[in-house]
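Chains as they are written, first to last, in my numbering: chain B, 1 to 315; chain H, 1 to 315.
Note that these hints are calculated values from the structure, not bench results.
Some hints here could point you the wrong way.
A pair counts as met if it fits within one copy or between any two copies, since identical chains are not told apart.
Mimicking PhoX-like on lysine-lysine, the simulated pairs with C-alpha atoms at most 25 Å apart in a straight line are [to be verified]:
| no. | residue 1 | residue 2 |
| --- | --- | --- |
| 1 | Lys42 | Lys145 |
| 2 | Lys42 | Lys24 |
| 3 | Lys228 | Lys280 |
| 4 | Lys24 | Lys299 |
| 5 | Lys249 | Lys2 |
| 6 | Lys2 | Lys97 |
| 7 | Lys59 | Lys97 |
| 8 | Lys24 | Lys145 |
| 9 | Lys63 | Lys280 |
| 10 | Lys150 | Lys112 |
| 11 | Lys256 | Lys228 |
| 12 | Lys202 | Lys249 |
| 13 | Lys282 | Lys59 |
| 14 | Lys63 | Lys14 |
| 15 | Lys256 | Lys97 |
| 16 | Lys277 | Lys228 |
| 17 | Lys294 | Lys310 |
| 18 | Lys310 | Lys97 |
| 19 | Lys14 | Lys59 |
Read off the chains here:
Number of protein chains: 2
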Amino acid sequence: MKLNQIGEFKLIEKLVSLLPIDDKDVVVGFGDDCACINVNGKLLLFTNDIQVENRHFIKELQKPENIGWKLISVNVSDVLACGGIPRWAQISLGLPKNLEYSFIEEVYIGIKKALDYYGFYITGGNVSSSNEIILDLFLVGETEKFLSRKDAQEGDYIYINGFTGLARAGLELLLMEKKEYEDFEKELIQAFTKPTVDLSLKSLLQKNAKACIDISDGLVADLGHISKQSDKKIVLFKEKLPVNTNLKKYCEKYSKDIYDYILYGGEDYIIAFSCDKELKHKNIYKIGKVEQGKGIYLKEDKKITKLKVKGFEHL
Amino acid sequence: MKLNQIGEFKLIEKLVSLLPIDDKDVVVGFGDDCACINVNGKLLLFTNDIQVENRHFIKELQKPENIGWKLISVNVSDVLACGGIPRWAQISLGLPKNLEYSFIEEVYIGIKKALDYYGFYITGGNVSSSNEIILDLFLVGETEKFLSRKDAQEGDYIYINGFTGLARAGLELLLMEKKEYEDFEKELIQAFTKPTVDLSLKSLLQKNAKACIDISDGLVADLGHISKQSDKKIVLFKEKLPVNTNLKKYCEKYSKDIYDYILYGGEDYIIAFSCDKELKHKNIYKIGKVEQGKGIYLKEDKKITKLKVKGFEHL
């Protein structure tokens, strides 16, 4: 059978089952945003995200500096989703022999800016030739308490710390290859090309969050992971979902269903978490609640609809 | 300028200079077989090695199980070269959508066998589609004392723990795509396709080694790193270089200069180290000595020749 007949999620499930872990220092293995390892009482977080040309970025359409920045951000997002901060990383490069040096230098300038912004270091790396550009980062973070996907409790609220759907609109705009973009369109493109993770959320998560995940595959898909791994139902309140002004303009201009973006757009790299307290913080939105049961539901007035849990397949 | 005009080593030097490290917990950063990080008093080793289809392996000519085994071994070799043992790894996969699942499953069976053999676990991973098969491993090891490339002292001897040149002969044989191979040829091919690292060397290294490196780019190229980073001259004794019987047969059959293989063949994944003691251990060969000066020399009777330090360029 071919891989695209199996699909990404089923493939991962099959491969993970081939590598059982039996190590008392491994607090969490496969199946969350990071693995968690106990090293002399310090909890380390391991994550890695590979970025492949024409799958994750388009060399001709994106600034190389932003490609470097995004490589760092997507990994930092996984560490924050487990309650931690980034500390050290290793990098692997696959580069075509005839690539211009200036391209990879600019990628590295973006990487350096992101390292300075998030406050950590790359400690080593490896390079090979390849046909496509491959950027692979292995990030090690640290945390006081591991926040998992499976600890949502009945009665918790669901919070997010930003808008969803912007990156998908940004990608669509980028692919239009327009000569001129309106200002709001440029901002949406930036949401896709240069996502920024808010590490200041960490202390709030450590104090309050039960289950936690980052929104990379889309709000419903990622809440689907919390729902499945916590064995709980999640009900979203449609009128509470934050609606971004730029996304609204985009959906009006191009006749799109904005809730398709808000619910199913991916690559936002914001955090969704469950918590049993009423939180009143700037840019923290209470969008739903956790109940006994299974699946993700959308509540609008008194109507409740079951949502299809579908995410972006990388295969 | 294009990358192949710059070359791998110069490229790495340029990129590394863009990412300075200022972190008291980073004991060693770029420039050795592993980075070394102090986590609550435990010294962790970080390394990563990317394996790209048709650069590091040829899908049509190698058993997928061996490709998985080798991915693990080449990384374990870097950890041993810093005096450590492997503990945990993360894996990144880039896989063509139309790849047969059975191929990657067999790669994983080889990975599992290697993990069992070396005694550690893969704790997480990431997958994307790509045009070529990409296998990237990030390995975390631990060590009591970091063995670096830069601690060779005048008067030290140079030791290696096995034969060199076999893997290069094995690769050449593989590329001949012969219908039938003689038994000695099969053994040479195995040296290339299924290298095995001898972790039992670790305690001897911890007790005795000063400078240490693994032979991946070729004996002279890798000793060149010790020479350069220790700022010392290394003199090899030609008559002490161990000569493998199978390699001898190969060089006779195909009219090759055996010392070209022994000195410049890569991918052997054995260990070279310097030490000021006389060591008498099975399969440990004393092949040279460390002196004041620069460069790598070959001594035959009373004749001393300066060797060109050239390694395999991955770009």
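Hint by hint, here is what the structure shows:
1. Lys42 / Lys145: both (10 Å within a copy, 20 Å between copies)
2. Lys42 / Lys24: Answer is both: 14 Å inside a copy and 16 Å across each meet the 25 Å cutoff.
3. Lys228 / Lys280: So Lys228 and Lys280 fail the 25 Å test inside a copy (28 Å) and across (59 Å) alike.
4. Lys24 / Lys299: Cα proximity of Lys24 and Lys299: none, with 43 Å in one copy and 51 Å across.
5. Lys249 / Lys2: Classified as neither; 41 Å inside a copy, 42 Å across copies.
6. Lys2 / Lys97: Classified as between; 7 Å across copies, 30 Å inside a copy.
7. Lys59 / Lys97: both (15 Å within a copy, 21 Å between copies)
8. Lys24 / Lys145: Both ways: Lys24 and Lys145 sit 17 Å apart in one copy and 23 Å across, limit 25 Å.
9. Lys63 / Lys280: The answer is neither: 37 Å in one copy and 58 Å across copies each exceed 25 Å.
10. Lys150 / Lys112: Close neither inside one copy (34 Å) nor across copies (27 Å); limit 25 Å.
11. Lys256 / Lys228: Close neither inside one copy (30 Å) nor across copies (62 Å); limit 25 Å.
12. Lys202 / Lys249: Cα proximity of Lys202 and Lys249: none, with 32 Å in one copy and 63 Å across.
13. Lys282 / Lys59: Neither: 36 Å inside a chain and 53 Å across chains, both beyond 25 Å.
14. Lys63 / Lys14: For Lys63 and Lys14, the Cα distance is within 25 Å only across copies (20 Å; inside one copy 37 Å).
15. Lys256 / Lys97: Answer is neither; intra-copy 42 Å and inter-copy 30 Å both fail.
16. Lys277 / Lys228: The answer is within: 22 Å in one copy meets 25 Å, while 60 Å across copies does not.
17. Lys294 / Lys310: Cα proximity of Lys294 and Lys310: one copy only (15 Å, versus 61 Å across).
18. Lys310 / Lys97: between (38 Å within a copy, 19 Å between copies)
19. Lys14 / Lys59: between (32 Å within a copy, 21 Å between copies)
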